[in-house]
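Asker: From first to last, the protein sequence lines are chains A and C.
Take 1 as the starting number for the first sequence in the UniProt record's numbering and just add one per residue.
Take 1 as the starting number for the second sequence in the UniProt record's numbering and just add one per residue.
Watch out, some of these pointers could steer you wrong.
With a cut-off of at most 20 Å between alpha-carbon atoms, the simulated EDC-like pairs for lysine to aspartate or glutamate come out as follows [stated by the list, open to error]:
no. : chain 1 : residue 1 : chain 2 : residue 2
1   : C       : Lys74     : A       : Glu239
2   : C       : Lys74     : A       : Glu91
3   : C       : Lys74     : A       : Glu241
4   : C       : Lys74     : C       : Asp25
5   : C       : Lys74     : A       : Glu158
Ranges of calculated distance between the beta carbons of each label pair, as one might list FRET restraints [unchecked claim]:
no. : chain 1 : residue 1 : chain 2 : residue 2 : range
6   : C       : Val72     : A       : Thr204    : 41 to 51 Å
7   : C       : Val46     : A       : Arg155    : 38 to 48 Å
8   : C       : Val21     : A       : Ser2      : 21 to 31 Å
9   : C       : Val72     : A       : Leu196    : 46 to 56 Å
10  : C       : Val75     : A       : Arg41     : 44 to 54 Å
What the hints contain is simulated information worked out from the structure, not anything from laboratory work.
The structure presented is a predicted model; accordingly, all values stated were derived computationally and were not measured.
Ideal placement from N, C-alpha and C gives every residue a C-beta, glycine not left out.
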Amino acid sequence: MSRRFRLWLVAVGGAGLAALFTAAALDLPAFGGDHHPYGDRAVHASLSRHTANVIASVNFDQRAFDTLGEMTILFAAVIGCGALLRQTRDEHRATPEPQEVARPVRRYALLVLPVALLTGLYVIAHGQLSPGGGFQGGVVAATSLHLLYLGADYRALERVRPVALYETGDAVATSAYVVTGLAALIGGSAFLANTLLPYGTFNTLSSGGTVPLLNAAVGMEVACAVVVLLARFLDQAVEIEEGNGT
Amino acid sequence: MADAVIVVALLLVAASATAAVAARDPVRQALVLSVLGVVLAILFTVLQAPDVALSQLAVGSALTPLLLLLAVHKVRRRGRREGPRR
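Produce the entire structure from the sequences given, and follow the hints as far as they go.
Answerer: Encoded structure:
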């Protein structure tokens, strides 16, 4: 394919996309505005089931099945990473040398670690009440553990992070989500339907029926998945070297 | 007033996204990407979507640059062992 032909192809494709995009954008409702038919219905459904955070209600009640799909994508991605980044036969593990950490960095990392971990857990626990939830809090909690790598060294991180345990946690949390869905099925309604548990008092931690349960399952799954993912990447970046014992 | 804030946030996103594309060094790109994550989080907050802003802050400005930096580190280390390529 000549350079000229390629340029021509890109120009035609780009022009077509631009035309379609403009035509689609012209039909959109104006920016802002106060007519939100879907939003109004979502808020109504959320309030009728005593869930204060409407987004959590959409994620874990009205569209709980979509969330199961997203969760499975992350689960599959972590399995794929584990398979791709495993130690192969022509590689060996070298023990990384402990390195001197600048004192301010160490102090800052060790000071922020508990605060960040607590923030992550808070965001998970209050997912059904305030902005946030299992996904966001899980990522915060998992990344906060890695401040130990910045503040101390890789060995310290490995001690608080037995990867096998987190791999199990990942699988258990994913199963817990499915089991909660099946429980609704056994209770006589649809898969993942939020009809099993009492809806509780509005704006308390236990309100919203199965929303807090599913939220906690996602929080655990995401936290474990991120820890395992980063562990695989860190192994490759720090420990695993090519060649047999050279 | 709110419109002005939205316009400023949008311009910041456009500027940092362009900078992320224009940066050629992967390490610098990862750092610009993390700035882009923060700016996007600001935009989402201004547009009253705090949930999405939190996800963006956690994934876009912390996790993705971290994974990128680790991958770059691995590739560079392999390059050093096999001798300089450039």
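Asker: Now tell me if each hint is right for this structure.
Answerer: Verification of the supplied hints:
A hinted pair counts as satisfied when its Cα atoms are at most 20 Å apart, and C:Lys74 with A:Glu239 qualifies at roughly 10 Å. The hinted pair formed by C:Lys74 and A:Glu91 meets the criterion: a straight-line CA distance of about 13 Å does not exceed 20 Å. Proximity of C:Lys74 to A:Glu241 is assessed by CA-CA distance (about 9 Å); at most 20 Å being required, the pair is judged to hold. Note on C:Lys74 and C:Asp25: the hinted pairing holds, with a Cα-Cα distance of about 15 Å set against a maximum of 20 Å.
Annotation: proposed proximity of C:Lys74 to A:Glu158 holds, straight-line Cα distance about 19 Å (limit 20 Å). Our hint of 41 to 51 Å for C:Val72 and A:Thr204 holds, since their Cβ atoms are close to 46 Å apart. Between C:Val46 and A:Arg155 the C-beta distance comes to about 43 Å, which sits within the given range of 38 to 48 Å. One distance hint, 21 to 31 Å for the beta-carbon pair C:Val21 and A:Ser2, holds here, with the actual separation near 26 Å.
The hinted range of 46 to 56 Å is satisfied by C:Val72 and A:Leu196, whose Cβ atoms lie roughly 48 Å apart. Between C:Val75 and A:Arg41, the C-beta spacing of about 49 Å keeps the proposed range 44 to 54 Å intact.
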